[in-house]
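Mind assembling these two chains? They're in different frames, but the hints should get you there.
The lines below spell out each chain.
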Amino acid sequence: MTPDLTVKIGKLTLRNPVMPASGCFGYGEEYAVFYSLEQLGAIVVKGTTAKPWTGNPPVRLAETPAGMLNAIGLQNPGAEAAREKIRQLQQYNTPVIVNVAGHSPKEYLQVIRILDEEPAVSAYELNISCPNVRDGGLAFGTDPQVVNTLVQAVRQATEKTLIVKLSPNVTDIVAIARAAEDAGADALSLINTLLGMAIDSETRRPLLANLTGGLSGPAIKPVALRMVWQVSEAVHIPVIGMGGITCAADAVEFLLAGATAVAIGSAHFINPTVCPEVVQGIAAYLTRHGFRAVREIIGLAKKAAGGEGEKDAGKDHCRS
Amino acid sequence: MMPKKQEMMLLRQEQVGEDIFRLTLQGEVAALPGQFVQVGVAPALDPYLLRPFSVHDCSPDTLTLLYRIAGRGTLLLSRRQPGEMLTVTGPLGRGFPAGKADRAVVVAGGMGAAPLLYLLRFLRAAGKDVAFFYGARTAAGLVLQDSYRSLADEYTAATEDGSAGKKGLVTQFVHPALSGKKADLYACGPLPMLRAVAALAKEAGADCYLSLEARMACGVGACLGCVIRGADGGWRRVCTDGPVFRAEEVFGR
Numbered sequence: 009m010t011p012d013l014t015v016k017i018g019k020l021t022l023r024n025p026v027m028p029a030s031g032c033f034g035y036g037e038e039y040a041v042f043y044s045l046e047q048l049g050a051i052v053v054k055g056t057t058a059k060p061w062t063g064n065p066p067v068r069l070a071e072t073p074a075g076m077l078n079a080i081g082l083q084n085p086g087a088e089a090a091r092e093k094i095r096q097l098q099q100y101n102t103p104v105i106v107n108v109a110g111h112s113p114k115e116y117l118q119v120i121r122i123l124d125e126e127p128a129v130s131a132y133e134l135n136i137s138c139p140n141v142r143d144g145g146l147a148f149g150t151d152p153q154v155v156n157t158l159v160q161a162v163r164q165a166t167e168k169t170l171i172v173k174l175s176p177n178v179t180d181i182v183a184i185a186r187a188a189e190d191a192g193a194d195a196l197s198l199i200n201t202l203l204g205m206a207i208d209s210e211t212r213r214p215l216l217a218n219l220t221g222g223l224s225g226p227a228i229k230p231v232a233l234r235m236v237w238q239v240s241e242a243v244h245i246p247v248i249g250m251g252g253i254t255c256a257a258d259a260v261e262f263l264l265a266g267a268t269a270v271a272i273g274s275a276h277f278i279n280p281t282v283c284p285e286v287v288q289g290i291a292a293y294l295t296r297h298g299f300r301a302v303r304e305i306i307g308l309a310k311k312a313a314g315g316e317g318e319k320d321a322g323k324d325h326c327r328s
Numbered sequence: 295m296m297p298k299k300q301e302m303m304l305l306r307q308e309q310v311g312e313d314i315f316r317l318t319l320q321g322e323v324a325a326l327p328g329q330f331v332q333v334g335v336a337p338a339l340d341p342y343l344l345r346p347f348s349v350h351d352c353s354p355d356t357l358t359l360l361y362r363i364a365g366r367g368t369l370l371l372s373r374r375q376p377g378e379m380l381t382v383t384g385p386l387g388r389g390f391p392a393g394k395a396d397r398a399v400v401v402a403g404g405m406g407a408a409p410l411l412y413l414l415r416f417l418r419a420a421g422k423d424v425a426f427f428y429g430a431r432t433a434a435g436l437v438l439q440d441s442y443r444s445l446a447d448e449y450t451a452a453t454e455d456g457s458a459g460k461k462g463l464v465t466q467f468v469h470p471a472l473s474g475k476k477a478d479l480y481a482c483g484p485l486p487m488l489r490a491v492a493a494l495a496k497e498a499g500a501d502c503y504l505s506l507e508a509r510m511a512c513g514v515g516a517c518l519g520c521v522i523r524g525a526d527g528g529w530r531r532v533c534t535d536g537p538v539f540r541a542e543e544v545f546g547r
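Those protein sequences? They're chains A and B, same order as listed.
When the letters of the first sequence are read in order and numbered with the numbering used here, they come out as residues 9 to 328.
When the letters of the second sequence are read in order and numbered with the numbering used here, they come out as residues 295 to 547.
So that you can see chain B by itself, here it is in the shape it has in the complex (with noise of 0.2 Å):
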């Protein structure tokens, strides 16, 4: 689907949890689960840059977003109200495949659950066996819990702190369901936790998809701002090449 930018009118937005909201659009923005789009919070030009946010859910007439206050600019977005417009350009960047393996164990870390929901229900679409593993710091970064739970055939929450689920990282609780069938990893969530998600993928040989986030400028690929360094030592933009990358791509074979 070709991005293009329109005017989006806000529906609902709903706070989901401590500082984390969970913003609905009118519109269609086509998107594949894993792409992004490029939001303009305030129409002013500061703050100036446009914020980008993975796509949480969408359907034919809708656009919904999860994010975080973390800054100025989410802060200001929080407090658009329905009715109001938009600026949205997307889809952007590269989303999840559906992989090859009948099965599916996709891994959140905090607010990287955010593109996950939608790749659930993409693939639950495609008739895949699907294990979710959700894991946050404390009980207060697991958010929409059921929403997820319900795309799930398995479904595991683990917080650091143990106030919520099993205690300890997420990726501690991965194993048994790769011990079985063959299956695709996806994940996205903090850098150390990919990192682990990748050695879980490449011990049990599996195929492993991770999705990124940067400072982005333009979202298109024109700024190379947002640049990572690959395994090969080349740069990738986080913005076209990903967000989504195989693992291997970021952390070698």
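So here's chain A without its partners, still in its complex pose (with noise of 0.2 Å):
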């Protein structure tokens, strides 16, 4: 017997827990010469604002050990351009996801104002995590003030499905989740890329324009899956985990640890097809352990891990 992938987030019922994560999968054309996107659970386009950015200078990627850092910094056409882009994804009958981006509260608004009435749009995805924008992104996700008068503001101009994106350069996520699910989210996303850098030591510079950039890939999986665990025990909303997955057993990982839907980013720039790879092996995953739906396995290793593992998870490594 199939397994049942279905699981819900907010208004949404997706037909599996797999999707791309936003920034690695364009507006989705891309990616749908290789295989049909109604293999997704949903499919999450690119960071969107108000009017077109263009982004950052280059050198905008790095490679770096079992990882990379990009800083593309939000480049895309604007929310008028991106809804003819949206629209093309209708014919493929799944949830459509878009990041939403800006420099200030007010352009996070204009591009609800502009995508509200779409009916191709199906859920918001508020970028409060960007690392590579200036003056926006990141700057409204680390203060859990800032947050919740930023996701206030959004939830009263849209009924459609809302989900907070955070960064994990904060001193204390649970506290910025716990401000998202007050403020009236309906999922949050987890996590963005982490801020770091890399240097040519031969030339003596940056390796980025931008100088910085944000991490992504293999590298900075258990960095994820800790935030996942201990954001997901702290909220009632769903989590959609994602940070270096590259294979089902990678997702699993995240589910286990308490997400009940997964992103799948970089992943894709080394596997285009990873996405349907990952829902494939999810499903052998729960038939192969006997479970009869993915919803069965999620936070299931908190459970195991018992209380005093549960409580102390990601507070003292250091003193076993």
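Hints were generated in silico from the structure; no laboratory data involved.
Just so it is clear, the structure is predicted and the values come from calculations on it, not from any experiment.
Mixed in with the good hints there might be a few duds.
Claimed, not checked - Computed from the model, here is a short list of chain B residues facing chain A with C-beta under 7 Å: (1) 339; (2) 340; (3) 342; (4) 343; (5) 509; (6) 512; (7) 519.
As the list claims (entries may be wrong) - Listed below are the simulated BS3-like cross-link pairs for lysine-lysine, each with C-alpha atoms no more than 27 Å apart in a straight line: (8) A:16 <-> A:59; (9) A:93 <-> B:299; (10) A:114 <-> A:310; (11) B:298 <-> A:93; (12) A:93 <-> A:168; (13) B:394 <-> B:476.
A virtual CB, placed ideally from N, CA and C, is assigned to each residue, including glycine.
Written as structure tokens, this is what we have:
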């Protein structure tokens, strides 16, 4: 019997818990040549702003051990042009989640205003965590009070499912998560990239023109997993886990840590068909272990860890 | 041709120059000249990213790449043995067009020669009269000269130090080839060379196609990591808007 892969995120029912991470999947068309996007749980499109953004100058990429740095800077054609691209995705009969970014609360709300009447848009993912833009992105994601105010304003502007994407570049991600939940978020997604940098020792220059960039890839998976564990424990809304997933086993780890769904980011760059492969791999895992539904394994590692482990997880790694 | 991901068996790994290798894989990629493939250099997550390589040659049952060891990724690739499987995604990007003129002038700079062998074969098959110019810093940078020579009606080699062929920058010797019949220009090599070729084309009123390279992640146009500034000030993705561009798109009219 095929296991039941459906999960719920806000008002959405996803046919499976696997989606691309924003920024790694363009507006979907780039990967539609490799497989039908109907195989995805949801389609998550690029960070979209009210007006077009030109992004950062090159060099925008640097490879690092088991990962990469990017400093794209949210280059995107703006919400009006994005709407046309998003309409093309309706043919896949799959929820489309639009990642929303801006320099100010007003700009976030402008994007919502432009897209809210559009039936092709199923949900928003509020990007308060991009490390690559000044005056925006990450600036909105590091203070619980600022997060609360922004999420409340967006919540009042839309009935659609509202996901808030959290940054790992904070002292206490749980406080940010609770602020977003209290303000009316339907779900949280985490983690965005970790702020990092790389220097070429031969030329003695930073590799990225922007100097710093966002670190992604397998190198960040343990950090992401720990944060998903902590946040899913602290809030009552679903968590979409991401950070370094390259295969089904990685995705299962996030589900076991408490994520209701997972997103796959830079792994697209090394394997364009990673998402459908992970969907199949999760189904095979469930069958192999006798689970009838993916929902049965969400947070299961916490039960295995028991009371003590649950309370202490992520707080005191040094003691042991 | 739609790109696809496939496992390809390594047939031959030949060292053809100092740190320069020719890799032959079994299978069909159905590329056009100037297109590229993304290759997993090692079956591991470090190095993480795939490596983009232009198609040096291809047939219905083989794909050939020409590469130089330039870092850890290509070093690991050079150690892969016959019989091993490599993951290859392609064909990717826009290749060279056939061009309108009956004559083709093709200019290679160093490893920029890699995509041009397949182009020469393609131009020859299209019945063009082909002049090939092959430049490098030293004689060691000119590899597989016999292969290139056999596919060109006129062949000129040049090195900056004069250790092989004519002495000087290869672009110094191209002008006479453009003075007769109308020709299309094709080039791949370092940026200063491409700029010089674009200037020659402008002067001769010739159509000119340049193959560029950039650090890439996705290779399919999604990540926007490989952009260059176009002559109009807007970004161009090297992976999907190129890697072959019309010269005026990069350097202006």
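Verification of the hints:
| no. | hint | verdict |
| --- | --- | --- |
| 1 | 339 | holds (5 Å) |
| 2 | 340 | holds (4 Å) |
| 3 | 342 | holds (5 Å) |
| 4 | 343 | holds (5 Å) |
| 5 | 509 | holds (5 Å) |
| 6 | 512 | holds (4 Å) |
| 7 | 519 | holds (4 Å) |
| 8 | A:16 <-> A:59 | violated (32 Å) |
| 9 | A:93 <-> B:299 | holds (25 Å) |
| 10 | A:114 <-> A:310 | violated (40 Å) |
| 11 | B:298 <-> A:93 | holds (23 Å) |
| 12 | A:93 <-> A:168 | holds (19 Å) |
| 13 | B:394 <-> B:476 | holds (9 Å) |
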